[in-house]
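**Student:** The primary structure of each chain is shown beneath.
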Amino acid sequence: MELKRMLVLAAMAILGGWLVSFFGRSRRWSVPLFVVGAALFGMGIALAPAAWVDYLVTPAIAAVIYAILSVGLNVQWGMTGLFNIGIAAFFAIGAFTSAMITKEMPTGLAAEYIKQLFGWGLPFPAGIAGAIVVSGVLALLIGLLTLRLREDYLAIATIGIAESLRLVFQNERWLANGPQPLPGIPKPLFCLVEDPPCAWLPGFLKEWLAPLDSRDYDAILLVLLTAALVVIFFLVQRVAHSPWGRVLRAIREDEAAAAMCGKNVFSFKVQAFVLGACVMGVAGALFTASVSTIDFGLFHPMSYTFLVWVMLMAGGSGNHKGAVFGAFAIWTIWMGTTFLSDQLVPFQFKTQVFYVRYMLVGLLLIAILLFRPQGILPEEKGEQSK
Amino acid sequence: MLELIVYGIIYGSIIALGAIGVTLIYGILRFANFAHGDLMTVGAYLALFFVQVLFPMLGVPQERFGGTSFGWPLILALPLAAGGTALVAIALDQFFYRPLRQRRASPVILAMASLGAAFIVRNLIYIIWGPDKINYFPGLVRPAWQLPFDVRLRPDELIIFVVALVLVVSLYLFLQKTKLGKAMRATADNPDLARITGINTERVRIWTWGIGAGLAAIAGILYGVNALLYPEMGWGFLLPLFAAAILGTVGNPYGALAGGLIIGIVQRISTLWLNPAYQPAVAFLVLIVVLLVRPQGLFGGRS
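Protein sequence lines, in the order shown, are assigned to chains A and F.
In terms of this note's numbering, the first sequence opens at residue 1 and continues consecutively.
In terms of this note's numbering, the second sequence opens at residue 1001 and continues consecutively.
Be aware that a few hints might be false.
[As the list claims (entries may be wrong)] In silico DMTMM-like cross-links for lysine to aspartate or glutamate, where the CA-CA straight-line distance does not exceed 25 angstroms:
(1) F:K1182 x F:D1192
(2) A:K350 x F:D1132
(3) F:K1133 x F:D1189
(4) F:K1133 x F:D1150
(5) F:K1133 x A:D295
(6) A:K350 x F:E1232
(7) A:K115 x A:E104
(8) A:K206 x A:D342
(9) A:K381 x A:E253
These are calculated hints, taken from the structure and not from any lab test.
Construct the complete structure from the given sequences, taking the supplied hints into account.
**Tutor:** Shown next, in the form of structure tokens:
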């Protein structure tokens, strides 16, 4: 088996097994379910034609990024009940921050065409750290301003910040190349697929990775993103089961009661809002690795605010497993209908079909609210979730 | 400067018509209706259907008054589109919001449902009319009057202002003089108390949707007359609408009127220093200042 397929297989088997294991009610069930799921997905990848494997990698990367966004939203909405409809803003600001931290300032002729506020050329972890800081500070400002007021003022403010940021990024050339895309964002660990590979790699890994060329980078990225998702999930899960997470749920259920118990409701809400926004910022930084240029048009609220909401509500808000599962389930349906409509719908109706799918997503959200507000994987109550 | 203030008043009266609906729904149904901007779009496109498809088929006379867009087609389209949009809003309420209300869902859930409704409505418009920008009367020349103090004003803009003024005055009379209007104000003040005194609050809610959506539809048409129609036009109005409603104290329709005019004037004057593209951000900036300085709005005593 070629190395690229092995990498994709590993990532997909972990993701598949993990998703299936969510349906286990207790730890006793989740391990066998994980094995079954991993085996099924692994077999699928092992047996699929090579073209299909290639075709699968890009949507899988997008799904993992959506899952991270959905987990971030779950900290805000699912755990604390904060209504954020500016997800795209935190995602975008994370992406732009990370892009400018990791890429160099353009020089020579390119400097005439590419304008950006700064370009530090630092390694990718610095980009992630920067994305966390900037999206966190943005959330802190919005939170301090609105979380003392009526609960829906936060929603209005998040729409406002998302639209205003869009206007700023699209009109200010000096900030991040204005309406033109910002090109040349370095990809993390790209040297693994280069020839010669990274100097710091131990010799046996160099040999093992030698067959990969730059077209196979997506497989490495999928493994990297899967690892990032798993790490973020377990960190956030840990937080959710901490005393701090219990306070958030208490606030969500009954603010007055939580305040009576001596909890500073406002402060906890701000903290939760900032934490969720930081996760979204990380998603933005990771997103830059999957594209080489970004422009603000990519961060459309249709795709990066509304779809994330549908994912979280479908999966089950309040449950991080539900958040991850919803992201994968909705994204699979989304890509599946794209594929089907490409195949089946005559050429002249292509644009309509695009909007029909968005309309159905709107209907799906309302249907979930009406008929299954708890989602596919409802929040786990009590101790059995441990 | 004076010219910008005049433009601001005209633009602000469009915002005010939308913001009155936002504030009434906020006050009476107790949630932030994020689909309100899209109701404006629905009204504008319904009028487009009447003006460009239905009326020519029915043989409605096409001539217009002087250099304006207004003639029989648009005058007839205003009430018809308002009624159609009101029906759309009432249908959305019956199918989506009422079941949630009966389940005593929190206002945030209703706001989320309105976001879904906005999506459905907007994409329906995309499906039917496509994403292009459309004019009610393509190729129409609309010369502007040269008024004193260097103000240029198109006759259309004067009519827009007059239409808005007439609507606001009739709304005032409706809310102050009729039994239903008083019931609406009472429900906005305190829904439980209103129900105890024998007000049919469900009927009040339906009327609220009808009036709010009708005004939004007319606001959308007037904006379409002044500028262009496109499926995202209403979504772009959302920030000015909410800024106006909050500035004028949520639940207070006269406050929304004042808020709309203030937001309109501030947005237009900001173009002296700022790129005109930033106008929605200016509305947001005003909103932030209001939330910082006086979150209960200009006319709010209670929090």
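**Student:** Does each hint fit the structure? Answer for all of them.
**Tutor:** Hints, verified against the model:
{"no.": "1", "hint": "F:K1182 x F:D1192", "result": "holds (15 angstroms)"}
{"no.": "2", "hint": "A:K350 x F:D1132", "result": "holds (15 angstroms)"}
{"no.": "3", "hint": "F:K1133 x F:D1189", "result": "violated (41 angstroms)"}
{"no.": "4", "hint": "F:K1133 x F:D1150", "result": "violated (30 angstroms)"}
{"no.": "5", "hint": "F:K1133 x A:D295", "result": "holds (23 angstroms)"}
{"no.": "6", "hint": "A:K350 x F:E1232", "result": "holds (20 angstroms)"}
{"no.": "7", "hint": "A:K115 x A:E104", "result": "holds (11 angstroms)"}
{"no.": "8", "hint": "A:K206 x A:D342", "result": "violated (41 angstroms)"}
{"no.": "9", "hint": "A:K381 x A:E253", "result": "holds (13 angstroms)"}
When held up to the earlier numbered hints, the structure conflicts with 3, 4 and 8 and fits the remainder.
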